[in-house]
Amino acid sequence: MVARAAGEIAPGLVVNLGIGLPTRVVDHLSSDFPVCLHSENGLAGIGPSVPFEAADRNLIDAGGSYVSTIPGSAFFDSSTSFALVRSGRLDLTMLGAFEVAETGDLANWKIPGKFSPGVGGGIELAQKALRVVVLSTHTDRQGNPKLVKTCTLPLTARGCVNRIITDMAVIDVTPQGFALRELADGVGVREVEEATGAPLTVPDGDIPVY
Amino acid sequence: MVARAAGEIAPGLVVNLGIGLPTRVVDHLSSDFPVCLHSENGLAGIGPSVPFEAADRNLIDAGGSYVSTIPGSAFFDSSTSFALVRSGRLDLTMLGAFEVAETGDLANWKIPGKFSPGVGGGIELAQKALRVVVLSTHTDRQGNPKLVKTCTLPLTARGCVNRIITDMAVIDVTPQGFALRELADGVGVREVEEATGAPLTVPDGDIPVY
Amino acid sequence: MRLPDKTTRLEEAVAHIRDGATIMVGGFGVPGTPFTLIRELVRQGQTGLTVIKNDANEQDMGIDHLLVSGQVRKLISTHIGLNRRAIELLNAGRIEVEFCAQGILAERIHAGGAGLKAIVTDIGLATELTAGKPRVEIDGEAAVIETALRADVALVHADRSDVFGNLGYAAVARNFNPMMAMAADRVIAEAETVLPLGGLAPDAVHTPGPFVDHVVGLEALSEEYQVVRR
Amino acid sequence: MRLPDKTTRLEEAVAHIRDGATIMVGGFGVPGTPFTLIRELVRQGQTGLTVIKNDANEQDMGIDHLLVSGQVRKLISTHIGLNRRAIELLNAGRIEVEFCAQGILAERIHAGGAGLKAIVTDIGLATELTAGKPRVEIDGEAAVIETALRADVALVHADRSDVFGNLGYAAVARNFNPMMAMAADRVIAEAETVLPLGGLAPDAVHTPGPFVDHVVGLEALSEEYQVVRR
Numbered sequence: 006m007v008a009r010a011a012g013e014i015a016p017g018l019v020v021n022l023g024i025g026l027p028t029r030v031v032d033h034l035s036s037d038f039p040v041c042l043h044s045e046n047g048l049a050g051i052g053p054s055v056p057f058e059a060a061d062r063n064l065i066d067a068g069g070s071y072v073s074t075i076p077g078s079a080f081f082d083s084s085t086s087f088a089l090v091r092s093g094r095l096d097l098t099m100l101g102a103f104e105v106a107e108t109g110d111l112a113n114w115k116i117p118g119k120f121s122p123g124v125g126g127g128i129e130l131a132q133k134a135l136r137v138v139v140l141s142t143h144t145d146r147q148g149n150p151k152l153v154k155t156c157t158l159p160l161t162a163r164g165c166v167n168r169i170i171t172d173m174a175v176i177d178v179t180p181q182g183f184a185l186r187e188l189a190d191g192v193g194v195r196e197v198e199e200a201t202g203a204p205l206t207v208p209d210g211d212i213p214v215y
Numbered sequence: 006m007v008a009r010a011a012g013e014i015a016p017g018l019v020v021n022l023g024i025g026l027p028t029r030v031v032d033h034l035s036s037d038f039p040v041c042l043h044s045e046n047g048l049a050g051i052g053p054s055v056p057f058e059a060a061d062r063n064l065i066d067a068g069g070s071y072v073s074t075i076p077g078s079a080f081f082d083s084s085t086s087f088a089l090v091r092s093g094r095l096d097l098t099m100l101g102a103f104e105v106a107e108t109g110d111l112a113n114w115k116i117p118g119k120f121s122p123g124v125g126g127g128i129e130l131a132q133k134a135l136r137v138v139v140l141s142t143h144t145d146r147q148g149n150p151k152l153v154k155t156c157t158l159p160l161t162a163r164g165c166v167n168r169i170i171t172d173m174a175v176i177d178v179t180p181q182g183f184a185l186r187e188l189a190d191g192v193g194v195r196e197v198e199e200a201t202g203a204p205l206t207v208p209d210g211d212i213p214v215y
Numbered sequence: 148m149r150l151p152d153k154t155t156r157l158e159e160a161v162a163h164i165r166d167g168a169t170i171m172v173g174g175f176g177v178p179g180t181p182f183t184l185i186r187e188l189v190r191q192g193q194t195g196l197t198v199i200k201n202d203a204n205e206q207d208m209g210i211d212h213l214l215v216s217g218q219v220r221k222l223i224s225t226h227i228g229l230n231r232r233a234i235e236l237l238n239a240g241r242i243e244v245e246f247c248a249q250g251i252l253a254e255r256i257h258a259g260g261a262g263l264k265a266i267v268t269d270i271g272l273a274t275e276l277t278a279g280k281p282r283v284e285i286d287g288e289a290a291v292i293e294t295a296l297r298a299d300v301a302l303v304h305a306d307r308s309d310v311f312g313n314l315g316y317a318a319v320a321r322n323f324n325p326m327m328a329m330a331a332d333r334v335i336a337e338a339e340t341v342l343p344l345g346g347l348a349p350d351a352v353h354t355p356g357p358f359v360d361h362v363v364g365l366e367a368l369s370e371e372y373q374v375v376r377r
Numbered sequence: 148m149r150l151p152d153k154t155t156r157l158e159e160a161v162a163h164i165r166d167g168a169t170i171m172v173g174g175f176g177v178p179g180t181p182f183t184l185i186r187e188l189v190r191q192g193q194t195g196l197t198v199i200k201n202d203a204n205e206q207d208m209g210i211d212h213l214l215v216s217g218q219v220r221k222l223i224s225t226h227i228g229l230n231r232r233a234i235e236l237l238n239a240g241r242i243e244v245e246f247c248a249q250g251i252l253a254e255r256i257h258a259g260g261a262g263l264k265a266i267v268t269d270i271g272l273a274t275e276l277t278a279g280k281p282r283v284e285i286d287g288e289a290a291v292i293e294t295a296l297r298a299d300v301a302l303v304h305a306d307r308s309d310v311f312g313n314l315g316y317a318a319v320a321r322n323f324n325p326m327m328a329m330a331a332d333r334v335i336a337e338a339e340t341v342l343p344l345g346g347l348a349p350d351a352v353h354t355p356g357p358f359v360d361h362v363v364g365l366e367a368l369s370e371e372y373q374v375v376r377r
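Chains as they are written, first to last, in my numbering: chain A, 6 to 215; chain B, 6 to 215; chain C, 148 to 377; chain D, 148 to 377.
Derived by calculation from the structure, the hints in this document are not laboratory data. One or more hints might be untrue.
Covered, in the sense of this in silico footprint (three residues per stretch, anywhere, with C-beta under 8 Å from a C-beta of chain C), are these stretches of chain A [stated by the list, open to error]:
(1) 36-47
(2) 117-123
(3) 157-165
Just so we're clear, the structure is a prediction, and the values are computed from it rather than from any experiment. Glycine included, every Cβ here is placed at the ideal spot set by N, Cα and C.
Please model the complete structure; the sequences and the hints are all you need to start from.
Rendered as structure tokens:
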């Protein structure tokens with residue numbers, strides 16, 4: 006699933022990988038792959054993670070991991086960092102989700118009743134990245150579908166999600182709703198349909214497996 | 006008059022000297038005087054002017070004169086430059102004027118019927134500098150007063166002028182209107198009153214001469 | 148012309164903060180947080196503060212000390228999830244927290260520093276963060292007016308400063324510091340190195356000196372500044 | 148991970164400009180004006196352009212060539228007083244000029260680059276420059292809504308660039324270039340020196356590479372770039 010997500014990153018893009026699962030996508034890119042990774046705390050051109058012993062106290066990513074620079078990296082302030090996000094210079098972001106609606110609505114920051122510690126930069130990433138890929142388990146811990154007709158949780162942004170990559174399938178958000186694109190190895194169409202809380206368009210013929 | 010204007014610059018201020026007469030005020034400051042001169046094209050800490058032969062093609066002031074830096078100078082973009090002006094960090098500006106009203110209204114950028122080439126940074130300097138001193142001849146070329154009850158020309162900013170220094174007098178704008186503070190050497194009170202287009206409060210006793 | 152010297156003793160600089168003041172505090176996590184200025188503010192004990200800061204640091208670090216000491220009335224922030232104590236204080240009703248989208252917080256502070264009244268954006272229109280804020284239409288599209296933020300005092304951390312207050316930041320320790328250093332009536336910068344005039348190249352300055360009122364040189368960096376083992 | 152190379156031939160980069168495009172052009176007087184990109188645009192001859200630039204340069208310099216060639220429909224500027232020809236063309240009705248206060252032009256471009264819809268300010272309320280613009284009250288005070296500015300293409304001049312498009316500006320040649328380099332769908336930077344990746348220190352970058360699409364190295368600097376004798 007994480008390896009499959011790495012396939013979303015075309016050469017030359019500017020990409021922000023959200024905290025959690027998405028961060029691990031970088032492990033599946035070759036060191037020579039042409040991509041500019043962005044961190045919202047003020048860095049373009051993130052290099053490999055650095056162990057505690059070798060860390061620079063002034064060089065973390067937005068998730069608090071110690072990282073490094075690569076030739077051509079640039080530091081900038083938080084205003085510039087989100088200018089990049091909001092003005093169409095962020096080609097792709099990968100985010101986690103509580104719920105994704107068939108309209109592409111995303112809820113990933115607050116569960117009413119539970120305390121929410123704030124949204125950070127999540128709204129802007131979801132609302133303004135040119136392409137939003139959700140990387141998530143297909144269902145929550147109780148087995149309830151995360152892909153739904155309508156979000157019941159407070160929204161992060163409306164109509165923002167383009168694709169969902171889960172442990173079961175790759176599904177696109179289309180004007181006609183969810184469309185199955187690929188299946189995880191060993192997962193059947195029927196299983197995906199049962200784990201999905203909204204209608205799923207299934208293509209004719211063979212479905213690629215990842 | 007220009008020498009008298011230099012007396013307005015208290016130690017430690019951040020000062021913008023407008024194009025024309027005000028620019029020459031700097032010639033009356035000692036090289037050791039503690040002041041930060043600001044140029045709206047992106048320089049704080051303007052050093053002495055530089056002759057053509059020694060000029061740096063990338064180092065002009067907003068009036069197009071070749072200038073130099075001093076230890077501690079900083080370059081910045083136009084956004085930052087006017088942030089300084091509008092956010093209360095510019096202690097003093099000296100500007101020219103077509104008309105100053107007894108309310109402190111300033112008109113110094115456009116004469117209807119004649120073409121105006123645009124206001125540049127003049128509105129922001131006039132409206133937002135903490136103190137605005139007008140440096141001007143007391144009357145225009147036709148002998149008409151520049152200090153008036155109400156401006157007839159398009160305004161630059163309302164109620165912005167604190168003091169006017171002319172070839173005849175130093176006059177403050179007060180809640181009661183114009184108030185005479187000082188006289189130029191050889192000029193009498195009556196002469197100033199006649200050359201001023203609004204009532205002038207004249208102090209009792211001796212009036213300082215410059 | 149010569150530029151004035153703004154170096155100030157720590158105690159004297161922080162003493163300018165009054166009870167009830169609104170203060171901005173730089174930093175995103177550890178990098179760029181002015182730990183020394185915060186510690187002095189805890190020592191001096193001013194109360195009823197409104198604090199504007201990206202995050203609430205972690206427990207026993209940075210502004211957490213101000214929360215524990217009860218000096219903070221209200222926090223304007225984007226995310227406090229790394230500080231369990233801040234969450235407890237919020238849940239107990241002992242502090243008020245106003246959340247803002249991170250980049251919009253940055254732009255509201257930029258607008259304050261730029262002497263603007265507000266910005267207009269479509270960010271967060273689908274969320275409760277913009278509920279109750281005035282709406283306006285721009286080119287036929289809905290948008291929300293987010294007012295500019297200014298503070299009485301800004302506390303920022305610089306890697307280097309000259310005595311006039313020209314500042315340079317290290318790596319991602321820059322974050323909110325440059326905007327905050329423009330958006331307060333009084334700006335206090337702590338600096339790891341204080342250089343003489345001319346020690347910073349004019350085109351390497353991140354925050355120009357005219358925005359800064361006090362430069363406090365740091366003699367040593369406490370444990371809080373160091374690499375955090377997680 | 149490796150950052151891509153954006154070096155582009157002059158002709159190819161400028162060919163992305165279409166008839167009727169809105170273009171931003173950096174510079175304040177001579178410093179920071181991308182004279183070489185402008186000359187190439189004159190050579191290619193795209194027409195019906197809206198040009199956003201602080202000033203109109205001087206006669207026979209910079210965007211004056213675009214005015215003379217009739218390629219400009221509209222100019223958004225702060226001051227054109229140093230270019231008598233621009234004034235004549237305006238008076239003859241051959242170009243439309245929209246004036247804006249200088250710092251507000253900078254902030255409108257900043258807002259465009261920041262993906263905002265507009266800024267709200269009290270600047271120019273007493274002047275005709277804000278006539279007809281929507282008003283709004285902020286904290287009981289009158290203000291005007293100034294919409295964000297974006298362009299199809301921005302032409303900027305840098306002192307130095309690496310091949311990824313991280314830019315550094317010289318002295319006051321910075322001026323409007325950094326904001327414009329963030330506010331266009333396509334950003335073309337000409338650079339006096341093009342460095343390999345790693346040639347610019349990460350904290351010495353004035354415009355981060357992700358905002359820049361094309362880097363055009365300058366082989367020689369024409370007479371227009373030099374010190375002007377007045």
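- Item | chain C covers the region 157-165 of chain A, three or more CB atoms within 8 Å, holds or violated | It holds: at least three residues are needed, and the region 157-165 of chain A offers 5 whose Cβ sits within less than 8 Å of chain C.
- Query: Against chain C, does the region 117-123 of chain A show at least 3 residues with beta-carbon separation below 8 Å?
  - Reply: holds (count 3)
- Query: Okay, the region 36-47 of chain A and chain C, do three or more residues pass the C-beta test at under 8 Å?
  - Reply: holds (count 4)
Violation of the numbered hints given earlier is absent; every hint is satisfied by the structure.
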